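Chains A and B, in that order, give the protein sequences. Under my numbering, think of the first position of the first sequence as 1, with each following residue one higher. Under my numbering, think of the first position of the second sequence as 1, with each following residue one higher.
None of these hints come from the bench; they were simulated from the model. All the given hints hold, so there is nothing to weed out.
Copies of the same chain look alike in the list, so a pair counts if it fits in one copy or across any two.
Below, in silico cross-link-like pairs of lysine-lysine (BS3-like), each with a Cα-Cα straight-line distance of 30 Å or less: (1) 160 - 29; (2) 88 - 55; (3) 151 - 204; (4) 213 - 151.
These figures come from a predicted structure and were not determined experimentally.
The chain contents come next:
There are 2 protein chains.
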Amino acid sequence: MISQLIKKIQEKKAPIVVGLDPMISYVPKAVMEDAMARYEETLDAAGEAIWQFNKAIVDKIFDLIPAVKPQIAMYEQFGVPGIIAYDKTVRYCKQKGLIVIGDVKRNDIGTSSAAYANGHLGSIMIGRTELRGFHEDMITVNPYLGTDGIKPFVDVCKEKDRSIFVLVKTSNPSSGEFQDRVLLDEEQADREDVSAEELIRSGKPLYELVAEKVNEWGADCMDGDYSEVGAVVGATYPAMGAALRKLMPHAYILVPGYGAQGGTAASLRPYFNKDGLGAIVNSSRGIICAYQQNAYKEFGEEHFDEASRQAVLDMRDDINSIF
Amino acid sequence: MISQLIKKIQEKKAPIVVGLDPMISYVPKAVMEDAMARYEETLDAAGEAIWQFNKAIVDKIFDLIPAVKPQIAMYEQFGVPGIIAYDKTVRYCKQKGLIVIGDVKRNDIGTSSAAYANGHLGSIMIGRTELRGFHEDMITVNPYLGTDGIKPFVDVCKEKDRSIFVLVKTSNPSSGEFQDRVLLDEEQADREDVSAEELIRSGKPLYELVAEKVNEWGADCMDGDYSEVGAVVGATYPAMGAALRKLMPHAYILVPGYGAQGGTAASLRPYFNKDGLGAIVNSSRGIICAYQQNAYKEFGEEHFDEASRQAVLDMRDDINSIF
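Turn these sequences into a full structure, and let the hints guide you.
Next comes the structure, spelled out in structure tokens:
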């Protein structure tokens, strides 16, 4: 699946992905009021509003981008009707030829991870009928439980031609609290004659250990030059992005944190390999909520979808300017 | 909410929680066939089957236990109909007077964590109407993103009287891969005259640092003697359970891994405080799938719910034998 993503990135000349993360505060009043006129003040109204909001934006931008990344939290907050809107959004984007990266950050112990993997990327058997639960092509996963929480996802990627992105270094301010902590090298610590200097020099941050595991997990599911096991590395930590790029030469890097979270195009060059591949940059608010920003105010709330299209064009040019 | 859980544990004399984690292979043939007769071989049939399976078991055990813990992965695998079954199960268990711990292991950066927190524990506004997305009382959360991924959950716990359990040391075989890794003490490493021995002695495993954060996050949302911020510590690592019990005196510990995963009652004493409180032990397969085990075969598949009741009684006695 990662080779298909690369193909679409090259066709569209756009190493970017649009985060479909609809908050109610992003939805234009007319869209929300229309939904409430039909469903009153219910979860169904919220589900309908975010679906209509997504659909309008996707219709205006699908030709420009290779992929979308719906953040499932923004749908799950509305309960079952929110999940219905998520499911509709995923299927609609696939109909429009987009690759769908479900930003679900799922993980659990083995049997439960297998259920998540089957539900989002694989299939399940009901009687003699093979069915999909959800329809994403790729999803994000959390590594805290180690290999046996990740393995079921990797198995499904291999069997069904899908991809995952493992959280390595996240874009949020407190990501360093655990992820940046330096780990003692176990072999060095076991040596009787080890010095303090050697211990400090041989230590590495947790995110590097996770990155090494990403390589290990991805080693036997290559799809061309890249592996089906990619990594999430936030745009907000470019020095770490550069180090992680070198450490994981075959992992595609999904880069959140551009735009609204503060990452700039210039700082993103190190996330890419020399061939201009190896990374895909996400923007969510910056695109779907463009009409609320000064730069795109001229479009007006009723043309929110046109504002999003212009924001995609601008982001594409901005990212491409670094090559 | 943790004080309500304690009250129910004391009333029922049962520091146990039943994991409602329905796999299709657990569902008796008659239940599955009935669902397929009504919905054919569809996701709706799977949703209906696991809901009927859950309902039958809950009807037979609700008087014996304080709480249930549905594992959302087992529902999510069936897409929207699975999530509908999850929602029905949560609401039904609450009607029966049970506390519901959603085993969702959610986490994300701040705004998305807030959406998960509002959706599962808090509420959202649609127009002027305040609504709940899902209806759990407590959920499990993943700490990998640090404080700003956890804070939105803590805020909702304080505002709405709910609880969370943070993954500290999970029950699975590879949980040690990251969680057990020893972290360099940053202050010691900065000292010019530090010795290797001091560095090794002052290091602590990642799960201990997470435990310290659990204390920090929970400090200002106490509910009686315990905090609304609890911890998940697997039954399969009793020595660590003992250490973590002391390290987090005010955190309720949710203990998975008893029974099917290998944890025994005798090994669980250290997870409890001297007052017999402080921990609640989960069993999933061991209860809901009791009828498939040798010990309960006599009940027969058609009386799967009676087998589950007997398994709860046996588990309760087994756990209470340690006090």
